[in-house]
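Protein chains: 2
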Amino acid sequence: MANSKPAQQFTQFNNNEAGTRGIVVLRWGHRAHRDARLTTHVALAARAFGATGFILSDTFDEHLKASVEKVTKRWGGKFRFEMGTPWKNAVRDWKMRDGIAVHLTIYGENIQSSNVLSRIRASGKNILLLVGSRKVPPEFFSAEISDFNVAVGNQPHSECAAVAVFLDRFFEGKELAKDFGDAMVRVIPQERGKKTEVDHGV
Amino acid sequence: MANSKPAQQFTQFNNNEAGTRGIVVLRWGHRAHRDARLTTHVALAARAFGATGFILSDTFDEHLKASVEKVTKRWGGKFRFEMGTPWKNAVRDWKMRDGIAVHLTIYGENIQSSNVLSRIRASGKNILLLVGSRKVPPEFFSAEISDFNVAVGNQPHSECAAVAVFLDRFFEGKELAKDFGDAMVRVIPQERGKKTEVDHGV
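Chain order of the listed sequences is B and D. The opening residue of the first sequence carries number 1 in our numbering; numbering runs sequentially from there. The opening residue of the second sequence carries number 1 in our numbering; numbering runs sequentially from there.
Isolated chain B, as found in the complex (with noise of 0.2 Å):
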């Protein structure tokens, strides 16, 4: 196979410290200018939320991998950055390693009131969650390409909203109160105020 480099890269993420499913987010249809700020909250969301990864398809945009792994190497944790990747490899990749593609939509099946959440957790799969930016292609609704359709609520919001309340779910809120390690910077929570704690590496 010509092109399996990119889902190679994303072996280690596949079983995580929790022995819970991995799921690396796919953000399609960036334009470097025009969304710049909104794929850095998707990006930083996924990370914030759980996911082990991301992947800026089809295009490369240098500026916003080092903001995301700048916050990575200051906050912590492992969570991979990989740009480039023509969609269709990325998914086609990820399938042959037995993983699902689950499309994030409007038109799909609503989250809350239908079981999808439910059969997705039953596949016991790792998952590459595709989310779109402008209009995505029709294929991204065909079998061929996404496993599950799903709706974070039938209303059109956010991308960014989406990818976090998705997670949030999947992993059942855990993902909020975890540990990541060698972080540079922790937030000691506090009712007022602001406190870190910063490890100065000396």
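What the hints contain is simulated information worked out from the structure, not anything from laboratory work. Quick caveat, the model's predicted, so the values are computed rather than measured.
Intra- or inter-copy, both count: the list cannot distinguish identical chains.
Under the rule of at most 25 Å between Cα atoms (straight-line distance), these lysine to any residue pairs were calculated in the SDA-like manner:
# : residue 1 : residue 2
1 : LYS70     : GLY22
2 : LYS195    : SER114
3 : LYS65     : LYS135
4 : LYS88     : GLU191
5 : LYS95     : GLN190
6 : LYS195    : PHE141
7 : LYS195    : VAL116
8 : LYS174    : ALA122
Following the hints, complete the assembly by docking chain D onto the known chain B.
Here is chain D on its own, set in the frame of chain B:
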């Protein structure tokens, strides 16, 4: 009181249809050029996840207002968009009407590992949900302003994700299944493909 108008405008939302408390999101620090899309996503997430209104404080952005109102008109429900109100006036007026202010911040009490959400619920009050963009004034953390400082995780991510997950947890997910009345367009959720029901109003 000289400036009570903005909060009064929200009075109609204090008791929503489900009989639960009303939540209005206040976005501070919006910069029209830099934050346009992100703030739009925050407002749409607020609407989709059950807030009854949105205040763009201290500034005006007619384009943003038009975008959000267009979505509400097309996709239904009641969602009030207000802008230009000085944030302190909005908070003061909200509290004079027996509401509380909840500040979403990475430095606050962790929504997962603390009991802060239960304490907020126990207040039984309507909530003004404060979210910043750039660094907020220190006053935001004070007891005079914020009754609660809540961290949707103590990792950096996105105000859009924070608003969505806070609301999703607060309303225990029910908001994603509710019917938005008076919609011109409704999605018919499906396993595959796109289906909508359109009311052409004739």
